[in-house]
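S.K.: From first to last, the protein sequence lines are chains A and B.
Position one of the first sequence corresponds to residue 104 (my numbering), numbered consecutively onward.
Position one of the second sequence corresponds to residue 1051 (my numbering), numbered consecutively onward.
Please keep in mind that the hints were generated in silico from the structure rather than gathered at the bench.
Please read these numbers as outputs of a predicted model, since none were measured by experiment.
Please note that the accuracy of each hint is not assured.
Stated by the list, open to error - Computed beta-carbon distance windows for the label pairs:
no. : chain 1 : residue 1 : chain 2 : residue 2 : range
1   : B       : Leu1697   : A       : Ala108    : 31 to 39 angstroms
2   : A       : Asn189    : B       : Thr1651   : 50 to 58 angstroms
3   : B       : Arg1667   : A       : Gln166    : 54 to 62 angstroms
4   : B       : Asn1708   : A       : Glu143    : 33 to 41 angstroms
5   : A       : Ala185    : B       : Arg1667   : 41 to 49 angstroms
Quick reminder that beta carbons are idealized off the backbone N, C-alpha and C, glycines included.
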Amino acid sequence: MTAMAVPLGWYLGLAAALFVIGLVGVLVRRSLIVMFMSIELMLNSVNLTLVAFSRFHGTLDGQVMAFFVMVVAAAEVTVGLAIIVNLFRLKASSDADDVDVLKA
Amino acid sequence: MTTTIATYTGVYGMPEAGSAIDLAWLIPVVPAVSAAVLLLIGKRLGRYAAHVAILAIGFSAVASTIAFTELLALPEEARSVISPVATWLEVGDFEVAWSILIDPLAAVMLLLVTWVGLLIHVYSIGYMEGDERYSRFFAYLNLFAASMLVLVLGDSFLTLFVGWELVGLSSYLLIGFWFEKRAYATAAKKAFVVNRIGDVGFMIAMFLVFSATGSLAFAEVLPMAPEIASGTAVAIGLLLLVAAAGKSAQIPLFVWLPDAMAGPTPVSALIHAATMVTAGVYLVARVSPIYATVPGVGLTVAWIGVATALLAALIACTQNDIKKILAYSTVSQLGYMFIGVGLGAQVAGVFHLLTHGFFKALLFLAAGSVMHAMADETNPWKMGGLRKVMPITFATSLLGWLAIAGLPPFSGFFSKEEILVAALDPPGAQGIWVIGTIVAGLTAFYMSRWFFLIFLGPKRYEQELPGVHPHESPPSMTLPLVLLAVGSAAGGLLNATPASLLRFWDPETSFLSSFLAPSVVPYYGDTPFIPHVPAVAIVTAVAVAGVAAAWALYLREGVDHVALRERLGGFYQLSYQRFYVDELYEATLERGGRGLANAFTTFDRVVVDGAVNGIGRGVAGLATVGRRVQTGYVRSYALAVAAGTVLLAAIFLGGLLNGQG
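Excised from the complex, chain B in its bound form:
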């Protein structure tokens, strides 16, 4: 078989003065300014704070759309545009310009971040109503969106890294938004610390990139990618994988994401769908020319992705918290995206990123809507039968569920199939396809469980939660649901034509593939180990089986769940306890870190402090001996003075005599 690696054009142009692309720096700046304004005078604005924030993100959304259409109007080879904004650093000959890079990849991300972000802002009007820090919440949401936009628009590793760190900061602020609860504050810290581990990888990768190419700008580094020594390229690829795994919650750094649902539900939607976790996938796609030179590293990325997808899907099957199930499903779906970008099908990865953005935002917001109706209850076993009471939430969730379960013709089906088809070709990837197919079944299973337990079946809440009378959410919450549901249902059209399913990378026939082509370097083989059509059929059949299994377990009458759990025994416990990963980290890393810290404290106390104290004690000891000289009697001092004088006189006179002699 042969592997084809696309060539990277690496042509970058300048924007036309006054065009939307030229003014694209306003896209992140406006929400950032709005965040600053809201932080300063937000309290006085009262509920109008939300309007300011929505206007700001709405501006970004419209501006992004105009920039996107301008980009579409340009000829294909001129669609990577760099517009300089300012000089950031100037040290001798070395200069870091603050520029904005708009290319197809960035434009697509812009649309996702701003529009989904806008919907989440609108949704928050209703969801956060009555919160004592209402304006601050919107300030943070704006900041979060602005950070992500800086990340997406960065034209160099350094500017991207600024956005990367800002995203980390704003996620910390939002996850810990209700910091009065200790567990929430801890979750925020956990997210921040785990992300820092990835950041270290990012920084070292940057140093390597700079030492290998002498630049950090994508426009200079990426075209030089094939010239980077392969050892260095492997190191860069692996370190960037560490960075991406941190932000995008992959093994071994995924532990922060499930805890991150401590924040208000719109924040979870923002983190899981539009911002933050997509950053890692975006990064790997952005530097795809480097990964294309070392496909082995890409394969590692894909294996990490599929392992994460499997682990998270297994955990999601037994969780009893509607947000937690969604959180693990995000980890799992991100694993799929990593498979795509790792195997050279960056378009498929980004495609799944987009469709996932729609349906995961939808599902999270729907979960929020349900919680809103159920007095913040998150246990699906206490719900059931909400279909009639919350018709809009039900109908939109239905579309979200069908999309994530991968059933045709909804969006998740197309993007997931495209990723799995990519795993048919490359050598060493067959296992990825097999596991990915199993995960597709698990995904359909746990999402059906989520959906069935909440919306169908008997109304368990009447007994479990007396006094709760569920109701449909206000229009500010249901409108975003409806719009996202449209995206979830129809998002597949972005890149789905019959041809693109049979041959996953086909620039001629599908929109996203041809549009993204200048930004990425796809590589692909030509000998799938299963022909494409049967492969797609198998995956779909597995997904349908997953739905059927969930139906049999959770909708049929007379299933004894307690007995079933006991029969599964260890397997159930393993999944329910999240494979004890947190406990493992606690036992090894946390305890180890503590031990190391204790060792250093001891070293500090015994050796460092010991040296200082020893010197002090030595001086004190000398002083006890020396102080005996001080008798306090004037005559003894006088005697010393006299003796000294005689001595000096003797020396000088002796010297004089010798000089004469």
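Chain A with its partners taken away, still in its complex shape:
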């Protein structure tokens, strides 16, 4: 294990902070675009954790995993943006609370 200039805990702390910011963003914001960005933030906080552990353990597994997450995130962006665009065409709004057709 190689010595690290910055201790692992700091990376984890930053990642946790980013994750919570993203989570709170998803929960409290109404704009679908912002919620979408918050989700990206959460995914990237996880990427940070993976890379940090990868470096910490000296293996490449975590970094490979991070690449996969990025690919999935990119795919998710295309699908998600398509949904948002279509929703805007339908409702002329990108507010999540305007879409409640599942309300019982």
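Based on the hints, put chain B in the right spot on chain A.
M.R.: Quick look at chain B alone, frame taken from chain A:
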């Protein structure tokens, strides 16, 4: 006094290869195949359909006769022959073979069924001419005969039961042949349903027989009869009585037979004479080794028979429908047969079955001939004086009338006397003899009324039925009448010698008694409460009195029938309304059944449906509460997901920490 019970030999042999007995399976199969052919392509055959059907039943008749002569040629102890045809069922060790049993009893029945059946087929050529379902009628007639032949030839309870059910089916088809008339279709259903009640008795009896002996084949069960526990034997006997009462129209199941005349007249003749109703009598005679072990049950059979005979005879006295009178007379005569087979005089019962087959077929066909001439009129009060116009029908009916009235020396006299003589001996049967004698008088009375009103007296039809010009029927109808008349007149010779009248069961002197001996187990006492000769004289005198009474009432001028009916009042109404038996059944059984059905419907609706609907409503109720969770807002779902994740994380992390700690 002592009661003698004959021993049952129970010896069964195999047929000689290639003999008629070996090939006897063809006897039912040929008419059955003919029925199938006629049902499939009968329409294209047109009037040749009748020829196909007659050839088929004619084949059976000839084959039966050859088999009968072969049986006669065998030594007496080897006359019960079983010829295996096929294996029907094989379940583990249990095997039901489809075999054919030809013994004297079956052979005699074969002759009756095929020959009388053949005559009725021939008669139908003329009677059914122009009917739109001509070929189908002959197909059904063939099927009916084939069913009865399966029944007669069955070597086990099971194969007999197959024929039994087939007879029920074909009678349903034929009674309801003119199903466009609602009443006829109902009569067919009634016959079928009432017969099913008897069938239930038959089936339970079969189960009991199987559990008691481990077999259903007559060849195995009947020799074991004395070993069956007496309680079981009583139950079997009573249940078979229920079955026989259903098919042979005895109290309380006789109500279907009078309605069964809804079918075309040849069908009535077939049902009443050759097939169907004789099945019950045949069954009781067939299992006589079982009845011989429990004479009390036999006595019950006889009492049922005599009660039915009396009831039906009383009803027949006032009916104003020439077929209905004959129908009730059949019920009454079947009662006589039940007396015979019930009291251990199976030969007398079967003897009466044969002679009755002749004269009842004759009378029904004669009634058909009369109806043919009178534009389907059935009320005898609108006829009269047909003697001159229909000489052949008149002359043959005369013989039929003398036979059924029990006047010597015609066939009915011998068979009826033989049955009544059998009722002189057994303890508890004296009442049967007395009532049977009264019924003999009633029979002579109502049959004379039937005969006098139709053929003698003034020609009432000239006023009542203007435009009807009666004529004699075509030869295809009169030929069977003539042949049956010969049987009715001379049928007594089958079992009548002076000795056999004085001592009713006398294997030495009479043909039928000695011939049937291997098949049945007669039992009889030796102390008649009236000597035989005076007893026969009394019965004959009563019958003559019956004829005289009918003459005085219906042939003499100046009898005011309306005033007479009023004077008789209730008695007349009781008889005319058939003792309200149908109404009684309707009020009790039908209404009761309906009530029960309604109760079950209510149970189904309230309890069963209630449970199902209740569960449904409960789920729906839960759902109304549960669906509030679904807000439709993405954030609330997201919150739930997040909370769930936190919860899971907490559980796993907690577990990890605990595991470490």
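S.K.: To test your reading of the hints: which numbers does this structure violate?
M.R.: The structure conflicts with no hint, since it agrees with every one listed earlier.
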